[in-house]
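2 protein chains.
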Amino acid sequence: MAAQNNKNDAITGRDVDFAQWYTDVCRKAELMDYSSVKGFINYLPYSYAIWEEIQAFLNKKFKAAGAENVYLPMVIPSSLFNKEKEHIEGFAPETLVATIGGGQELADPLIIRPTSEVLFSDMYKRLVSSYRDLPKCYNQWCSVVRWEKTTRPFLRGSEFLWQEGHCLFETEEEARKNALDILEAYDALGRDLLAIPFVKGIKTEKEKFAGAVATYSIEALMHDGKALQSGTTHYLGQGFADAFGIRFLGRQNAQEIPHQTSWGVSTRLLGAIIMVHGDDNGLVLPPYVAPIQVVIVPIRQDAEGVLEKAKEIESKLDAMGIRVKLDDSARTPGWKFAQWEMKGVPLRIEVGPRDLANNSVTLVKRVNGEKKTAPIEEIEASIPSVLAEIHQDMYNKAKAHLDANVTEVHNVEELKAVLEKGGYAKMMWCGDEGCENKVKEITAGGTARCMPFDEEPFGDVCPICGKKATRVVYFAKAY
Amino acid sequence: MAAQNNKNDAITGRDVDFAQWYTDVCRKAELMDYSSVKGFINYLPYSYAIWEEIQAFLNKKFKAAGAENVYLPMVIPSSLFNKEKEHIEGFAPETLVATIGGGQELADPLIIRPTSEVLFSDMYKRLVSSYRDLPKCYNQWCSVVRWEKTTRPFLRGSEFLWQEGHCLFETEEEARKNALDILEAYDALGRDLLAIPFVKGIKTEKEKFAGAVATYSIEALMHDGKALQSGTTHYLGQGFADAFGIRFLGRQNAQEIPHQTSWGVSTRLLGAIIMVHGDDNGLVLPPYVAPIQVVIVPIRQDAEGVLEKAKEIESKLDAMGIRVKLDDSARTPGWKFAQWEMKGVPLRIEVGPRDLANNSVTLVKRVNGEKKTAPIEEIEASIPSVLAEIHQDMYNKAKAHLDANVTEVHNVEELKAVLEKGGYAKMMWCGDEGCENKVKEITAGGTARCMPFDEEPFGDVCPICGKKATRVVYFAKAY
Numbered sequence: 001m002a003a004q005n006n007k008n009d010a011i012t013g014r015d016v017d018f019a020q021w022y023t024d025v026c027r028k029a030e031l032m033d034y035s036s037v038k039g040f041i042n043y044l045p046y047s048y049a050i051w052e053e054i055q056a057f058l059n060k061k062f063k064a065a066g067a068e069n070v071y072l073p074m075v076i077p078s079s080l081f082n083k084e085k086e087h088i089e090g091f092a093p094e095t096l097v098a099t100i101g102g103g104q105e106l107a108d109p110l111i112i113r114p115t116s117e118v119l120f121s122d123m124y125k126r127l128v129s130s131y132r133d134l135p136k137c138y139n140q141w142c143s144v145v146r147w148e149k150t151t152r153p154f155l156r157g158s159e160f161l162w163q164e165g166h167c168l169f170e171t172e173e174e175a176r177k178n179a180l181d182i183l184e185a186y187d188a189l190g191r192d193l194l195a196i197p198f199v200k201g202i203k204t205e206k207e208k209f210a211g212a213v214a215t216y217s218i219e220a221l222m223h224d225g226k227a228l229q230s231g232t233t234h235y236l237g238q239g240f241a242d243a244f245g246i247r248f249l250g251r252q253n254a255q256e257i258p259h260q261t262s263w264g265v266s267t268r269l270l271g272a273i274i275m276v277h278g279d280d281n282g283l284v285l286p287p288y289v290a291p292i293q294v295v296i297v298p299i300r301q302d303a304e305g306v307l308e309k310a311k312e313i314e315s316k317l318d319a320m321g322i323r324v325k326l327d328d329s330a331r332t333p334g335w336k337f338a339q340w341e342m343k344g345v346p347l348r349i350e351v352g353p354r355d356l357a358n359n360s361v362t363l364v365k366r367v368n369g370e371k372k373t374a375p376i377e378e379i380e381a382s383i384p385s386v387l388a389e390i391h392q393d394m395y396n397k398a399k400a401h402l403d404a405n406v407t408e409v410h411n412v413e414e415l416k417a418v419l420e421k422g423g424y425a426k427m428m429w430c431g432d433e434g435c436e437n438k439v440k441e442i443t444a445g446g447t448a449r450c451m452p453f454d455e456e457p458f459g460d461v462c463p464i465c466g467k468k469a470t471r472v473v474y475f476a477k478a479y
Numbered sequence: 001m002a003a004q005n006n007k008n009d010a011i012t013g014r015d016v017d018f019a020q021w022y023t024d025v026c027r028k029a030e031l032m033d034y035s036s037v038k039g040f041i042n043y044l045p046y047s048y049a050i051w052e053e054i055q056a057f058l059n060k061k062f063k064a065a066g067a068e069n070v071y072l073p074m075v076i077p078s079s080l081f082n083k084e085k086e087h088i089e090g091f092a093p094e095t096l097v098a099t100i101g102g103g104q105e106l107a108d109p110l111i112i113r114p115t116s117e118v119l120f121s122d123m124y125k126r127l128v129s130s131y132r133d134l135p136k137c138y139n140q141w142c143s144v145v146r147w148e149k150t151t152r153p154f155l156r157g158s159e160f161l162w163q164e165g166h167c168l169f170e171t172e173e174e175a176r177k178n179a180l181d182i183l184e185a186y187d188a189l190g191r192d193l194l195a196i197p198f199v200k201g202i203k204t205e206k207e208k209f210a211g212a213v214a215t216y217s218i219e220a221l222m223h224d225g226k227a228l229q230s231g232t233t234h235y236l237g238q239g240f241a242d243a244f245g246i247r248f249l250g251r252q253n254a255q256e257i258p259h260q261t262s263w264g265v266s267t268r269l270l271g272a273i274i275m276v277h278g279d280d281n282g283l284v285l286p287p288y289v290a291p292i293q294v295v296i297v298p299i300r301q302d303a304e305g306v307l308e309k310a311k312e313i314e315s316k317l318d319a320m321g322i323r324v325k326l327d328d329s330a331r332t333p334g335w336k337f338a339q340w341e342m343k344g345v346p347l348r349i350e351v352g353p354r355d356l357a358n359n360s361v362t363l364v365k366r367v368n369g370e371k372k373t374a375p376i377e378e379i380e381a382s383i384p385s386v387l388a389e390i391h392q393d394m395y396n397k398a399k400a401h402l403d404a405n406v407t408e409v410h411n412v413e414e415l416k417a418v419l420e421k422g423g424y425a426k427m428m429w430c431g432d433e434g435c436e437n438k439v440k441e442i443t444a445g446g447t448a449r450c451m452p453f454d455e456e457p458f459g460d461v462c463p464i465c466g467k468k469a470t471r472v473v474y475f476a477k478a479y
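Here the protein sequences line up with chains F and Y, keeping their order. Here the first sequence stands for residues 1 to 479, where the numbers follow my numbering. Here the second sequence stands for residues 1 to 479, where the numbers follow my numbering.
Think of the hints as simulated: they come from the structure by calculation, not from any bench. Bear in mind that the values here come from a model prediction, so they are computed numbers and not experimental data. One or more of the hints may lead you astray.
Repeated chains share a single entry, so a pair holds when one copy, or any two copies, can fit it.
[Claimed, not checked] Derived DMTMM-like pairs: lysine to aspartate or glutamate, alpha-carbon spacing no greater than 25 Å straight-line: (1) Lys177 to Glu456; (2) Lys63 to Glu52; (3) Lys311 to Glu68; (4) Lys372 to Glu441; (5) Lys125 to Asp33; (6) Lys371 to Asp328; (7) Lys28 to Asp133.
Chain F extracted, bound-state conformation (with noise of 0.2 Å):
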């Protein structure tokens, strides 16, 4: 493996201000630009293009699981927003509320949506009369307002984008499977498209979305040892539906009440992507996201054949499929190389005039800066494996960090050591939401990120209160 030196000087390291890295890095690789929208921030290309890809990526999973994507108001009115009571607690005091409309003021103000299982509930009770018309499983595509006092780039604003989607369902059992299978494909992002382990579970009571039944979730763990919530699915129950008086007529001739799910991921992925991978140089791109996957850098592009060479590379790759840039600016092969490593792209190939000599053409991973030599003639074959290769690189890299980073703890002081050092700490809990408090308080912040599936229990003692603890949950800081 290659030193790993902070060539670019412009980054701050990431132990010596990991807020101020992450900021560096999402200004200088042009991911975003702060808006003169207080709280808003202008997604550019480069951070566009990687959503696009995570687009591409689930419309197939949820394709395969039965969704179709439509598109619902961005207003709610306040009068229909009020129907479901937890709902409405939970998001009212973040909101966003249009007043006036066409220069006259709104008898019925509208919020902005922050979520929509109140506009779907709403239409479903139009579209759903038989079982016949059940399952009904809708998702879209769209930006969601919540009005945010401290923001962060991709991580909490006070719009951001999302997909969220929304199923009705004859049993509870289908539901249930529903809001799993989703969780299931959210996995399948972070560890085929993403590189991404996730922790999934179920969340608490106490961190459960606002009118959901149960709350399943995945998380990453950032190079810091905080947590970042990355997805979450929800099992509604029936109090959305209710509410909306969305009824059907069953199977056995009688009218019910059909059973709901909701599940999103948003561009929070994006920062996920930023501080899972990324290190003091800048920007560490999975490929199969990364709007450049390989760029070309030639070594003394004026030397005979070089420049030839590398275009002749760059239409190979292009006709390929392979998302490619060839930097034949006048800048030198050093400073190159620092921009395109700062910018995250995966695999660089360098051309210069002895790999000419050689036939050969330099190959360097951005996660580790291996460095080998490929001959030239087989280089279509050979970059779709180096890329696949980095993508498990990458994905090994993070897992073995989460893997270091969950430790499991029998008394408070090894909680709060674990949760000042970073990371998740493993702890049986008696279930009790005052416990949940007393960590939190206790650990200057930590919360229950999830309580994992299939978690064998070491122990029957709750190390808050003393009680008896059934349960394993992830404590975390989070972002």
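Given chain F's structure and the hints, the job is docking chain Y onto it.
For chain Y alone, coordinates are given in the frame of chain F:
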């Protein structure tokens, strides 16, 4: 050509009540649902899938024109919106304004974007400082809000989906070329994807975009003889750039103001598809955007081998990437024919015992009822070319309708007669806005749609004022 009977009596005849026919089709074909939010609709899967095909087509064209996708905030602070005078005057009366965020009154109310020239200009001010940063050409897919009193699905609504491209160039020449290049891309969208011929040209001063130097448009002609503005591109000059303080260091080392364009098409295009191609049996979808391109209807599906063969054809077409549906429900073939005709599926394949005996299937084109038999073993080879034929049939039919409805008018009586009957009145015009206003008055709403490029003058007198006329303008009533 097979007789076209109104088999679906739930749909009003076009010539009985075109507006009602339109609404019936929108509802019955499950394109949309009236949301509980007044003036806003829910885009259901059957229309949203068409929009996704439009997106995929245009994304390729935009990329070829050097544009990249981004996402900017959905809100614009009032203080920022007020910077470009003509623009604010054009849009202010129809804005939706948020005044409360997180429970607090906002010092600077936020306008829900009606269009984003303001935000793009504000961003470009930060991103552009040298001619090396130009051109800058970003596009976003989003929704916009324009507070409308009377609304109609897809045609006019308080919120609609669109794309908006915003580009900056060093020179006027490049900017004007961009506006025309994108107009060409929109024209190709009609010709190659939607099977809609457009009239394209430049808008009059009166009809141009608020803040533009020149507006170009594509106009489609609906079945009822009304025009529908289907897309516009604008050369904005330097007005926005100047108002927002965008400057760049030019090649001569002096500060310069860039030249700007913007351009967009919206979900109005869905309205155009419905009203250009639809007939008394319902929707007729162009094959390249149809969510279901081919429906297979088994005849006597209980007969030996029928359903088997139908499934075999379905999976072959599916493997070819054709969007195919096998309707093996318990309904009668007649019911299925009417149902899928109403939904506008371009091609029906009938498979029955007689077909099997002849080792063939029956193909029926939605656009004209044309039937033919095709050998089963050639089905994979033949379907793509049949879909191409259907596309061409539909384009030709729409083109014939357009051509038959452009009429040269030489005096006020002819003008009035054409605009009463429907279609375009092609008139020589002096260029005076007073005459445009007069036309609107005497024709009960006729407006200058555009001045098509390369039209030969056919006179030199403006029939309205009798003064010298130099321009050919197309007047029509419009949606």
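Evaluation of the provided hints:
no. : hint             : result
1   : Lys177 to Glu456 : within (22 Å within a copy, 66 Å between copies)
2   : Lys63 to Glu52   : both (16 Å within a copy, 14 Å between copies)
3   : Lys311 to Glu68  : between (42 Å within a copy, 23 Å between copies)
4   : Lys372 to Glu441 : neither (51 Å within a copy, 76 Å between copies)
5   : Lys125 to Asp33  : between (41 Å within a copy, 11 Å between copies)
6   : Lys371 to Asp328 : within (21 Å within a copy, 57 Å between copies)
7   : Lys28 to Asp133  : between (50 Å within a copy, 15 Å between copies)
Violated hints amount to a single one, hint 4; each of the other numbered hints is respected by the structure.
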